[in-house]
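> Sequence:
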Amino acid sequence: MTYEFLVMALLFLVPGAVFWLVRADLRWLMRRAVLASLPFAATEGLFYPEYWTPRFLFGLADRIGFGVEDVLFVAGLGAFSSCAYAVAFRRTVVPRGEGTRPWWRAVGGIAAMLALTGLLLAVGVPILYAAVAAMGVCTGVVLVGRPELVLPSLLGAVVSCVIYLGLCLLFARLVPGVFERTWRPSLLLPGRFLGVPWDELLYGAGAGLVATAFPAWAFRFAFAPLPWGEPTSRNPRAPRGPPAAPPGPPPR
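Quick note: this note's numbering has the sequence shown finishing at residue 475, numbered continuously throughout.
Hints were generated in silico from the structure; no laboratory data involved.
Take these hints with a grain of salt, some might be off.
[To be verified] Ranges of calculated distance between the beta carbons of each label pair, as one might list FRET restraints:
| no. | residue 1 | residue 2 | range |
| --- | --- | --- | --- |
| 1 | Arg278 | Val317 | 25 to 35 angstroms |
| 2 | Leu244 | Leu342 | 19 to 29 angstroms |
| 3 | Leu342 | Glu371 | 24 to 34 angstroms |
| 4 | Val367 | Ala334 | 13 to 23 angstroms |
| 5 | Pro399 | Gly320 | 27 to 37 angstroms |
| 6 | Gly389 | Leu412 | 12 to 22 angstroms |
| 7 | Leu283 | Leu393 | 22 to 32 angstroms |
| 8 | Pro413 | Arg324 | 12 to 22 angstroms |
| 9 | Val373 | Gly347 | 22 to 32 angstroms |
For every residue, glycine included, the Cβ atom is placed at its ideal position computed from N, Cα and C.
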């Protein structure tokens with residue numbers, strides 16, 4: 224029997240690996256996005272088996288609440304969703320003002336997102352919709368203070384959703400019938416798009432939305448056009464670390 228989630232998680236590492244190779248100026252962002260995403264691997268117990276029922280290596284989800292696959296999945300999703308907008312629209316990142324303790328900002332934002340997800344769960348919202356709603360609300364709070372990130376965040380959501388769809392289509396080809404066997408019927412968005420559950424696409428868009436806005440807020444950077452012909456490996460405006468000393472996907 225196939226370890227379907229392992230196959231999916233490995234597929235989700237591919238776009239980030241490609242971005243890493245072709246956009247050296249974004250590697251510092253990808254490292255931070257991946258690190259900020261890792262805590263969300265531990266939220267698998269909220270999705271399994273209510274939302275889906277995959278097999279896990281060594282049965283870890285039944286023993287500790289999450290598996291190796293979750294770590295790979297959130298790392299891959301965080302890597303490509305945080306850079307999807309910048310790669311698709313040829314943007315680089317530049318410092319924006321002075322800031323101290325950016326990781327404390329990141330930790331605070333992650334804690335707020337998890338807390339809101341828990342609150343929505345407590346009042347009966349199904350886990351996937353609670354997670355996406357928490358992404359949206361936390362992104363909205365960020366955008367109030369950083370309105371210039373509205374368009375990048377929306378475009379990041381669209382690009383991430385397209386990448387997510389492409390990966391799911393490939394996943395379905397590699398593991399035929401996986402969405403019918405492993406995913407529970409949707410509670411709010413029945414049906415599929417090209418065979419992929421609408422819930423998954425909603426989640427992919429939400430991840431792109433928050434992963435575009437949240438790191439820019441936490442680590443105090445902005446997006447700027449990348450001049451044509453400029454080598455990304457030596458982009459003089461790309462931060463070499465936290466801005467001026469310069470997350471997410473959210474629960475999954």
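> Would you list, in rising numerical order, the hints stated earlier that this structure does not obey?
1, 2, 5, 8
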